[in-house]
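A.B. asks: When you get a sec, could you build the whole thing from the sequences and use the hints?
Residue numbers (this note's numbering): 1431 to 1554.
These are computed hints drawn from the structure, not numbers from a lab. One thing to keep in mind: the hints can contain errors.
[Said to hold, decoys possible] DSSO-like cross-link-like pairs, simulated, lysine-lysine; straight-line CA separation at most 27 Å:
{"no.": "1", "residue 1": "K1484", "residue 2": "K1472"}
{"no.": "2", "residue 1": "K1481", "residue 2": "K1467"}
{"no.": "3", "residue 1": "K1445", "residue 2": "K1467"}
{"no.": "4", "residue 1": "K1479", "residue 2": "K1467"}
[As the list claims (entries may be wrong)] Simulated restraints on C-beta separations:
{"no.": "5", "residue 1": "L1463", "residue 2": "T1490", "range": "19 to 25 Å"}
{"no.": "6", "residue 1": "E1471", "residue 2": "F1450", "range": "29 to 35 Å"}
{"no.": "7", "residue 1": "C1486", "residue 2": "L1460", "range": "34 to 40 Å"}
{"no.": "8", "residue 1": "K1508", "residue 2": "S1477", "range": "42 to 48 Å"}
{"no.": "9", "residue 1": "P1514", "residue 2": "A1482", "range": "31 to 37 Å"}
{"no.": "10", "residue 1": "Q1475", "residue 2": "T1510", "range": "49 to 55 Å"}
For each residue, glycine too, the CB sits at the ideal point set by N, CA and C.
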Amino acid sequence: SSGINAEYGHTERLKSVHRFHLNSYREERLRELNQRKVLMEKSHQESLKVKALKECMAMTERQSTFGELFAEEMEDYKRTGSLPVRYQQHQETTTKPAQPGVVHEVVGNTLDSFIPEGDQTDLA
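C.D. replies: The structure is reproduced here in structure tokens:
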């Protein structure tokens, strides 16, 4: 009987030691997992900052480029009193009737933009 009790006590001590080691292992793995989560979050935040910075730089560059173009065109407008040709052509091609059946007068001959003056092609 005492041999069985000693064996039982030994088994219980082994179980207790195994539980302790298992809990220690779980805690260590959980700490590692939380550290990885923190590192991944920092990495993600850094990536977002880099992306936002690149977008900001691109927007600043675009704004600068368009600002320069606008300033040039404004100077041309002040000097000549008319819009550049590309804007006039754009306005002609994008003008649509406000209501069905209403025809707007087209400024200039739109066929001239498709057929050069010297072209002798027979249209009939």
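A.B. asks: Next, verify each hint and record whether it holds.
C.D. replies: Here is how each hint holds up against the structure:
| no. | hint | verdict |
| --- | --- | --- |
| 1 | K1484 with K1472 | 18 Å, holds |
| 2 | K1481 with K1467 | 21 Å, holds |
| 3 | K1445 with K1467 | 32 Å, violated |
| 4 | K1479 with K1467 | 18 Å, holds |
| 5 | L1463 with T1490: 19 to 25 Å | 41 Å, violated |
| 6 | E1471 with F1450: 29 to 35 Å | 32 Å, holds |
| 7 | C1486 with L1460: 34 to 40 Å | 39 Å, holds |
| 8 | K1508 with S1477: 42 to 48 Å | 46 Å, holds |
| 9 | P1514 with A1482: 31 to 37 Å | 35 Å, holds |
| 10 | Q1475 with T1510: 49 to 55 Å | 52 Å, holds |
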